[in-house]
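J.: For reference, the chains in residue letters:
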Amino acid sequence: MNQRIPVTELTSSFRERATCALDDSQLRTNFRTAMDSLMQKRADAFPDEDERESLRELGNRIKARALSQLPDLLEQLEENLTANGVKVHWAETTEEANEIVHSIIEARQGTQVVKGKSMVSEEMEMNDYLADRGIECLESDMGEYIVQLDHEKPSHIIMPAIHKNRRQVSKLFHDKLGVDETDDVNELIQIGRRTLRRKFMEADVGVSGVNFAIAETGTLLLVENEGNGRMSTTAPPVHVAVTGIEKVVQNLRDVVPLLSLLTRSALGQPITTYVNMISSPRKPDELDGPEEVHLVLLDNGRSGAFADAQLRQTLNCIRCGACINHCPVYVRVGGHTYGEVYPGPIGKIITPHMVGLHKVPDHPSASSLCGACGDVCPVKIPIPEMLQRLRQENVKKPSEGSKVKDGGAKYSAKEKLVWRLWQTLNTSSLFYRLFLWGATRFRKLTPGNVGPWTENHTAPVPAKRSLHDLARDHLSGHGRSNGPTKGGQ
Amino acid sequence: MSELFYDAAPNATRVAPPRPTERDYPDKPQEVILFGTCVVDLFFPEAGLDAIRLLEREGIRVQYPQAQSCCGQPAWTSGYADEARGVARAQLDILDAGIPVVVPSGSCAGMFRQHYRELFAEEPETLKRVESLEARTFELTEFLLKVCKVQWQDVGEPTRIALHTSCSARREMNTHLHARELLSTLSNVERINHDHESECCGFGGTFSVRMPEVSGAMVRDKTRSLMDTGADEMVTADGGCLLNINGSLDKQKQAFRGRHLASFLWERVSGEVKA
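Those sequence lines, one after another, are chains A and B.
Residues 1 to 489 in UniProt numbering are what the first sequence spells out, letter by letter.
Residues 1 to 275 in UniProt numbering are what the second sequence spells out, letter by letter.
The following block holds chain A by itself, in its conformation from the complex (with noise of 0.2 angstroms):
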């Protein structure tokens, strides 16, 4: 296994990150033609509003009720998943889901794991954790393929490679597998799939994601298109499912709507090609399906999220990306740029509770608020919100305590007395009216660099009277009238 080149240790921080982004203009233009294209397929896939408004709501109090419940339904999954012959386990951190998951290939003293596409796995980085243990692992799903034999990192939670196009993809495959290039995309997964074809037959294990974990039945729900998914978990003699704890539901009827939001809102299909739903490993009559199943449930900083009311909602999110499609900074900077597993809206939302704000502290700032991560989200999440409550937390004076992981990252003395000096400023009339004299009195004073503002703009000039002056001198009949001139105070 070759080693990876981590995007985010080649520069420090989200803006330097984002400024070789924006200097790509072939990166930006992968990104506005995918995601143009990923807009109206979702649109197309909800042509009735009213259809769509009701099973959003309907999406987010299924979540909400799974979550009011979580430990329980936890425990419940557990109960039900180990009565069907499932093996349960439970990992605090990505270093102890490794460990679980590299005990369980000892134990079968395998060398070569296949997986299907899981995030959770990307989360843990899997991948580095075995290759350093001597155990080779494959992405088997074509996009996670391309970006580990790029030795990149996914750049879409749903589409990993979204950030090449079809020309780079073929010259890719020329340089690594040495065949010729071509700018046919079914040649090109041809040729992804021949190679892939041989790891299912060899491999000692395999790896999933799961998409929903259903309690009251002990099922593991995965979608996918490719078919590499049910290769990955029935193929090997061993399926080892990665998931974060908030992917549980209640039971199977809960899981109908979910589903239709999920494929729906992620690539607009009314249904993913394959929906698989595992519920043990072969049974003595079967003649396939792999001998043990297990699934490690990782909390991973998501019991944090969940401790608070507010920040829970976080945990509704069931990864169909749509708030990434949608997002006018992502699809300007492209995944790499935040640095980690999550891009997009939801990264920003969920990261600080994974690895802390000291490590993104930028996340919650990396964004014009304008929301159309929170009109498109399915279960709807109140992103806007939950970035605005990040900021609080991220500007906290340390001491104070926080609900975040490393709240208090961005706190700066300088900038609470700026807004404490704005809050003078705003709440005194005296002040603010004596601020509006000097400004517009002596506006040609404005300096022509007023810092980070005047990169994008001219300098913004003041008016030569402000409004409270036109206003006062209007309504009390000086200024030019066409209605009454009482009024004011």
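If you're looking for bench data, these hints aren't it; they were derived computationally from the structure.
Think of the CB as a built atom: it goes at the ideal place given N, C-alpha and C, for glycine as much as any other residue.
Take these hints with a grain of salt, some might be off.
Said to hold, decoys possible - Partial pick of chain A residues on the chain B-facing surface, computed with a CB cut under 7 angstroms:
id, residue
1, 83
2, 391
3, 455
4, 456
As the list claims (entries may be wrong) - Simulated DEER-style distance windows between Cβ atoms:
id, chain 1, residue 1, chain 2, residue 2, range
5, A, 447, B, 270, 35 to 41 angstroms
6, A, 445, B, 118, 37 to 43 angstroms
7, B, 188, A, 437, 38 to 44 angstroms
8, B, 28, A, 418, 41 to 47 angstroms
9, B, 30, A, 416, 41 to 47 angstroms
Following the hints, put chain B in place on chain A, whose structure we already have.
T.: Same frame as chain A, now just chain B:
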């Protein structure tokens, strides 16, 4: 796999706009307060004055309390809730008169209607005053359209315009619907859609100075798609977006400009063309 290689979908539309918020409108009042907003106060005061003129034209007396300042939004969106609360409390005191408050900026009106209740969630007594303010707050175009039910005669020359609406104002105050409907009543005004019309202009308050690289890319894309319409000008009812878009156009040395919707509307109905 097929999802990996999408080809261009030109002029793709953005998010379907949120559904209009249901709201009951009162009869036309005799008197209103104009909350000018800090950006209009300092940078677009003529637009504030034009808003007053439009209201007076409908036979409404306008108060402009001299103690007003800012709605508190800049601190609120920057994470400084205490400071925002302090400023919000001062505005609550000023706007307590029980008559409608008209705001020539959708995002500031949205601050009153959607976020003051968050700021004062733990003060039941203040919340009652907030509820009163919420019920009395109207964005200017909303007020003209729904409360005054204006019937205008367009006396201006034929013109083609592009409309930009603030994202939060669209979501919180449905300004896109109100502005479109008002503009559609003007017989000599042709409104032209622009590419990615509902996409953010990149302002976002302090976002524009905290993330100038990303914000700059956004506003340059916005100005380009506005200019590509071939419209005579852009109009918007949000001071922040206007400051952002015009500042960027000026920096790019473009002749194209945006104008506050209040000034545009006043010109159309009064026939008074300003330099």
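J.: Determine for every hint whether it applies to the structure shown.
T.: Cross-check of the supplied hints:
For residue 83 of chain A, the suggested interface contact is broken, since its CB lies about 37 angstroms from the closest CB of chain B, more than 7 angstroms. A cut of 7 angstroms between beta carbons decides the hint on residue 391 of chain A: the least distance to chain B is about 3 angstroms, and the hint holds. At about 5 angstroms, the closest approach between the beta carbon of residue 455 of chain A and any beta carbon in chain B falls short of 7 angstroms, and the interface hint on this residue holds. Using the Cβ-Cβ criterion of 7 angstroms, the hint placing residue 456 of chain A at the interface with chain B is satisfied: the shortest such distance is roughly 4 angstroms.
Residue 447 of chain A and residue 270 of chain B have their C-beta atoms about 37 angstroms apart, which keeps the hinted 35 to 41 angstroms range intact. For residue 445 of chain A and residue 118 of chain B, the Cβ-Cβ distance of about 38 angstroms falls inside the hinted range of 37 to 43 angstroms, so the restraint holds. One distance hint, 38 to 44 angstroms for the beta-carbon pair residue 188 of chain B and residue 437 of chain A, holds here, with the actual separation near 40 angstroms. In this structure the hint that residue 28 of chain B and residue 418 of chain A lie 41 to 47 angstroms apart at CB holds, the actual value being about 42 angstroms.
Under the hint 41 to 47 angstroms, the C-beta atoms of residue 30 of chain B and residue 416 of chain A, about 44 angstroms apart, fit the expected range.
The structure fails to meet hint 1 from the earlier list, while all remaining hints are met.
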